[in-house]
Structure formats: C-alpha cells, structure tokens
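Asks: Letter by letter, the chains look like this.
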Amino acid sequence: MKLHEYQAKELFAKAGIAVPKGRLITSAGELNTALQDIPGPPWVVKAQVHAGGRGKGGGVKLVHSREEAAEAVEHLLTNRLVTPQTTAEGVAVHQVLIEEGVDIDKEFYLGMTVDRAVARPTMIFSPSGGMEIEEVAQQSPELIFKEPVSPATGWMPYQSRNLIYRLSPLPSPETIKELATTMKKLVDLFMQNDCSLLEINPLVITKQGAVMALDAKMSIDDNALYQHKDLAALDDSREKDPLEVMAEKANLNYIRLNGNIGAMVNGAGLAMATMDVIKLAGAEPANFLDVGGGASEEMITKGFEIILKDERVKAILINIFGGILRCDVLARGVLAAAKKTEIPVPLIVRLEGTNVEEGRKILEDSDLDFLVAKDMAEAAQLVAREAKRSVLS
Amino acid sequence: MSILVDENSRVVVQGITGREGTFHTQQMLAYGTKVVAGVTPGKGGRKVEGVPVMNSVAEAVDKEGANVSCIFVPAPFAPDAVMEAAAAGIQVIVCITEGIPVLDMVKVAAFLKEKDSVLIGPNCPGIISPGKTKVGIMPGHIHRPGSMAVISRSGTLTYEVVDQLTKAGLGQSTCIGIGGDPIIGSSFVDHLRRFKEDPETKGVVLIGEIGGTAEEEAAEYIVQEFDKPVLAFIAGRTAPPGRRMGHAGAIISRGQGKAEDKIRALQQAGITVVADLAELGKTASQVMAK
Numbered sequence: 007m008k009l010h011e012y013q014a015k016e017l018f019a020k021a022g023i024a025v026p027k028g029r030l031i032t033s034a035g036e037l038n039t040a041l042q043d044i045p046g047p048p049w050v051v052k053a054q055v056h057a058g059g060r061g062k063g064g065g066v067k068l069v070h071s072r073e074e075a076a077e078a079v080e081h082l083l084t085n086r087l088v089t090p091q092t093t094a095e096g097v098a099v100h101q102v103l104i105e106e107g108v109d110i111d112k113e114f115y116l117g118m119t120v121d122r123a124v125a126r127p128t129m130i131f132s133p134s135g136g137m138e139i140e141e142v143a144q145q146s147p148e149l150i151f152k153e154p155v156s157p158a159t160g161w162m163p164y165q166s167r168n169l170i171y172r173l174s175p176l177p178s179p180e181t182i183k184e185l186a187t188t189m190k191k192l193v194d195l196f197m198q199n200d201c202s203l204l205e206i207n208p209l210v211i212t213k214q215g216a217v218m219a220l221d222a223k224m225s226i227d228d229n230a231l232y233q234h235k236d237l238a239a240l241d242d243s244r245e246k247d248p249l250e251v252m253a254e255k256a257n258l259n260y261i262r263l264n265g266n267i268g269a270m271v272n273g274a275g276l277a278m279a280t281m282d283v284i285k286l287a288g289a290e291p292a293n294f295l296d297v298g299g300g301a302s303e304e305m306i307t308k309g310f311e312i313i314l315k316d317e318r319v320k321a322i323l324i325n326i327f328g329g330i331l332r333c334d335v336l337a338r339g340v341l342a343a344a345k346k347t348e349i350p351v352p353l354i355v356r357l358e359g360t361n362v363e364e365g366r367k368i369l370e371d372s373d374l375d376f377l378v379a380k381d382m383a384e385a386a387q388l389v390a391r392e393a394k395r396s397v398l399s
Numbered sequence: 088m089s090i091l092v093d094e095n096s097r098v099v100v101q102g103i104t105g106r107e108g109t110f111h112t113q114q115m116l117a118y119g120t121k122v123v124a125g126v127t128p129g130k131g132g133r134k135v136e137g138v139p140v141m142n143s144v145a146e147a148v149d150k151e152g153a154n155v156s157c158i159f160v161p162a163p164f165a166p167d168a169v170m171e172a173a174a175a176g177i178q179v180i181v182c183i184t185e186g187i188p189v190l191d192m193v194k195v196a197a198f199l200k201e202k203d204s205v206l207i208g209p210n211c212p213g214i215i216s217p218g219k220t221k222v223g224i225m226p227g228h229i230h231r232p233g234s235m236a237v238i239s240r241s242g243t244l245t246y247e248v249v250d251q252l253t254k255a256g257l258g259q260s261t262c263i264g265i266g267g268d269p270i271i272g273s274s275f276v277d278h279l280r281r282f283k284e285d286p287e288t289k290g291v292v293l294i295g296e297i298g299g300t301a302e303e304e305a306a307e308y309i310v311q312e313f314d315k316p317v318l319a320f321i322a323g324r325t326a327p328p329g330r331r332m333g334h335a336g337a338i339i340s341r342g343q344g345k346a347e348d349k350i351r352a353l354q355q356a357g358i359t360v361v362a363d364l365a366e367l368g369k370t371a372s373q374v375m376a377k
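Those protein sequence lines, which keep their order, are chains A and B. Position 302 of the first sequence, counting from 1, maps to 308 under my numbering, and the rest follow consecutively. Position 204 of the second sequence, counting from 1, maps to 291 under my numbering, and the rest follow consecutively.
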C-alpha cells in the first residue's frame, strides 16, 4: 500500500525526521489560510498523487507570490496530471501540499527496502540526490552505498559512519551527527511500520546546516497491514482503479490492463502465463485476475462480474487448472454470475485438473453459450479470434 | 531416487485441525504419504483423519519420529511454526501459508541460517516425489514417477507444466514449488545442487516469473556446475512494471526483475527457454531426446 507524501511526512515528523513546514489543502479557497502558517515566499506546491515522475509531469511547482501559488493550486486541482508513470489520460489531483521553500546546500538520496538477495532490509545512501536512483545505479554505481540491517542487532552506529564517511568533501561534524541520527530513525520507521519501501529523495542539508527530508515515499507491506490498522486507514482508494478496489474487497487479485480480453485464472503464475499466451496469439489482455487457490463459488461470481464491468472487454477466457480450487466449484460460480448479468461477449473455457469432468458437465448442461478449448494454446487462439470478431461486428 | 522427500519421509502437519490442514492431510494420506502426526497447540490428544494430534512439533519428533513438516498455519503464526519445526530438528519444512509479512520472513531466514533444516516456501504448493510421497497441496494424480525434476516459483503453473510433461511421457523424480514470496527458504540454486547429485534425475524444468534475480543466479550456477539438460519457462513477459502480480514477489521494480532479462540470462547459459507455455511438453521431449 502506497502512502501519499504528506502522510509519510507526518510519520517522519512524529519519528523526529525534519520535514519542511507545510499544509495540505483540497480546494483553492483554503490557500490563504494555509499560507499564513507557512514561511515564505517562496513556496512549493506539490500534487499529492501516488503516480511517480510527478516533477516531470508538472506536479511540483516553485512559486514566488500568493498569486502564483493560487494559480498553481487552481491548475493542479482542475486538470488531470500526466506523468511518465501514468496513462496518457493522467490522474485526477484531489489534494495539494503547500510547503515552505528551503535553501539547499547539498542533496542526497536516502532510502530503505528489503534486499531479497540477502533477505535483509537494506539502507541505500547516495551523494547523487535529486536524481532518479535507477539512473545513478546505471551511470555511476560507485555512488550507491548500501548497509544491510541485521535482525539480531538492528542498526548499529558504525553503519551510519560507513555510509557518511564515504562522502567527499565531508560535511561538518554537527551535520554528520544529524545525518547519522536521521539514518537510525529511518531504520526504526521502516521496521516499526513493516515498510516495503521508504525513500527520501532528496534528503538535504540546508544553507542553515539542518538535515531535512524534502520528499517522502513510503509503501507498506500489504501482508502486514493486519497489524497496522492505523496505517491501513490511510489508504486512498481514489488513487486506484474502481474495479481494482472492488476486487480488493472481494479478496481477489485483479489488475486492470489496456487490452480487450478478459481473463479469469487460478494462481498468479498461471494467470501471468495466460496473459503471455494471449499476447502471443496476437491479442491484448484486459486484466490480470487470479481467483486464488481456494476460491469459493461467491469469489468466482464476483470475479466474473468485475470482468464484465469493464466495457472494453470483447471476449472472456476462463483458464483453470484445478488443484485446491475444484472445477465444479468454478463452473457453479460462473453460472451464478451468468444468472445475475447477461454475458454479452464470447466466452472461452479451458478446464483441467481436479473434478474436471464434473465441471465440464455442469457448464454443458446449462444454457450458457461458450466455447471449450482443449489446452492453453487453443484457448488463446480462440479468444483472440472471437475478440476480433466481436470488435468487427 | 528423488531429493528431500521419499517413501521414508514421516510427515507432521502443523495446523492439522484447520480447514485446509484437515483437507490436505486427507489428500496426502490418500496419495500414500506417511502423515504420522499433526500439531495444533492446545488440541493434543485428538485425532484428525486417524492421525494423532499433538501440542508441539518436538512431541511429534519424539513420539512418531517425524522428519518432514507441512505447515498450514495462518500467516500471523506461521513464522513461529517454521522456527518451532527447525528447533525440533525437522529436516525438511514445507510452508504452504500465503501472506507472511516480509519483515517476519527476514527473522525466519536469519534463524534458519543457524539450523540444518531446509525450508521450502512459504507461499508454495509443496514438494512431491511421485509414487513415493506428496507433501503439499498439488493434485497428485497428474504426476508420474520418472526422471524429470521441476523447480517452480508458482503453484497452478507448475501443475500445468507437470501435466504436459506427464502427457508427453516424461515422468518426474521430484517437483518442488519454492514459493512466490520475495524471501523464501530455498532457491533454484539450492535445489539444482541437490538434483545434480541425484542419479535418477536426468533433466530439469525451471519455472520462473518476474521479480528478483533468482533465475539469473540459477543461470550462472548452471553454466558453471550443472551438466544435465535444463528447460525453462518465465511467466510475466507482458506484466506491467511496478504492479504486484498476485505473488508478493512478482513485481518488476526499479527496472529489475524483468522477464526479458531472465530469459536472456538463461539463454546465454545455453538453456532452452520455452516462449509458448503450450509447447513446453513437446519441447521437453525434444530436449530430452537429444
């Protein structure tokens, strides 16, 4: 689960990591009151969206007067924001963060994630702040410093020193101390909140010598949300596709994509492989949907409804390899969905595995109109052909 | 032969009194697996499917000589269950549980470094040595005894592959689902080392997916040390970057973990990478006939 910058910064401030003074507003009318509390001009106006690449899309603006601030806020709240990481339609901006402008002396990158290769949370520090860390990793890997966190000892002071004393020139002794404290606090924040990503880019030293987080990215491990109800409450579902929100509530793994073939599959790996064969057959998947190993009849019905809600879907492929999920359960779920909603597009079914005969019989004995595929290759060919037909007709 | 589990494996099911635990105990018994005990703390003394339930894994080791564990405990309690099994001296621990927080697995991984146990999973279908024993949730009937090894990060996708192998006349020595999480107990390379020493295994199918670099590491190991034929399939070539595709570990982040990179690394290692999953059985026959 992703947090907004302002939410992450509130957690930073609580943890004792310095952030610029700022206010969140949701309408242009709130701007004047907000500006009274924030030192400036200059101010920084920042769109609060989950999509990355905000700066490049014009979502972050430095303004030098109240008029400029009002203009920027108005523009962000009334236009969709297109960044390199959004679709061409962009995303709506519902909230804007106004912050004091800061006099920057030096910029760093400071982040934490779990390094799967060593199975440990790892801190990443780089003197090349303000740039995309991926670019730094590619162009100058020697400027990326890493320290893993031991689950036995936690973060040790020497680890901060290992990172900081590689800087050249060295910051002042006071700043070194402050950087080390910030690192320790970041580790604690990461561990206490079951983060999957924490990123400060840039972490700056101000002209006044203070260490401050100018930006904040924070993602929480979805699997750990059950132990962090307070964080789970920060979820902003406006940032997600409405169909994905619906699927989430039904405990389904659904991701909306750009094609027109609706797919329902059991198991994440098989679902990905199904997307791949659809593409090989010359068509584009409209979604990834893994109904899971132990899906119930209700979950199947719900999944089917979600696929049908996507108006771009021109044909549907059901690909099930029954293991724990039995084919008869799947068949009943599909029929229940068909009873509720009309299925206006061709349906291709490929069933294999546990109780496959019973599943096929349930479908055949119903008045449901569908095509049977004997294997994945045939399923992909059929669904691609049917989708083309229904686009043409 | 086979690796890690065979007809002599004595299985303890942790979480045996739960819905999944009970159902799969029944399925494993039907396959011929020696399920010698179950564990649910506080429910010792009962029987499930004729299997005695105990309060601890240590008791199952003591009284029934359990040496393999299969875990169906819910995610909040699964890390503790894995560590309990390792502490009790269980050699092979299979953790089926999905949804364990990554930072909990960091602790488990560190704990296991000091033990001799092999952890398979979590978030996996388990391990099967066809005709001998099945420790997990895979449908047993699609497997046949034979000489192909299968190592996979996925569940149902593995069934698909095994089914194709069986239909192509290629039986299996041992099939392992290593799990779909970012941190797992054992890797492709760990098991390739074992299959290398197994005379019965004549060839290996690797089933990878986007996320991490486990496939690249496997490719490197294979070039250097592995001399049996290897066939691979990578799922997620069409997955959008930055989205988690069902499995917690299946994400392309920061430009790493892309299917193309994995496919390239495997091909450079001389491994046949099957592009169309539907062709896997046929391609495996060709590779093994060489």
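One should not assume that every hint holds.
Far from chain A by the CB rule (all over 10 Å, computed), these chain B residues [stated by the list, open to error]:
id	residue
1	Thr104
2	Ala117
3	Glu151
4	Asn154
5	Ser239
6	Arg240
7	Thr243
8	Thr245
9	Asp277
10	Glu296
11	Tyr308
12	Thr325
13	Arg331
14	Gly357
Derived pair list, reagent style DMTMM-like, types lysine to aspartate or glutamate, alpha-carbon separation capped at 25 Å [what the hints assert, rightly or not]:
id	chain 1	residue 1	chain 2	residue 2
15	B	Lys254	A	Glu358
16	B	Lys289	B	Glu307
17	B	Lys345	A	Glu358
18	A	Lys152	B	Glu304
19	A	Lys152	B	Asp149
20	B	Lys194	A	Glu358
21	B	Lys369	A	Glu148
22	A	Lys235	B	Asp167
DEER-style ranges, computed between Cβ atoms [said to hold, decoys possible]:
id	chain 1	residue 1	chain 2	residue 2	range
23	A	Gln198	B	Lys130	46 to 54 Å
24	A	Glu364	B	Lys134	27 to 35 Å
25	B	Lys134	A	Ala19	50 to 58 Å
26	A	Pro163	B	Ala197	15 to 23 Å
27	B	Asp167	A	Lys315	38 to 46 Å
28	B	Arg106	A	Lys255	16 to 24 Å
29	B	Asp167	A	Gly22	39 to 47 Å
30	B	Ala197	A	Glu180	53 to 61 Å
31	B	Lys121	A	Glu317	50 to 58 Å
32	A	Gln214	B	Gly329	30 to 38 Å
33	A	Lys394	B	Glu304	27 to 35 Å
34	A	Gly288	B	Lys130	42 to 50 Å
35	B	Arg351	A	Lys315	37 to 45 Å
No lab work stands behind these hints: they were computed from the structure. Every residue gets a Cβ at the ideal spot worked out from N, C-alpha and C, and that includes glycine.
Asks: Hint by hint, which ones does this structure get wrong, listed from lowest number up?
Replies: Of the numbered hints given earlier, those the structure breaks are 5, 6, 7, 8, 10, 12, 13, 17, 19, 20, 21, 23, 29, 30, 33, 34, listed in rising order.
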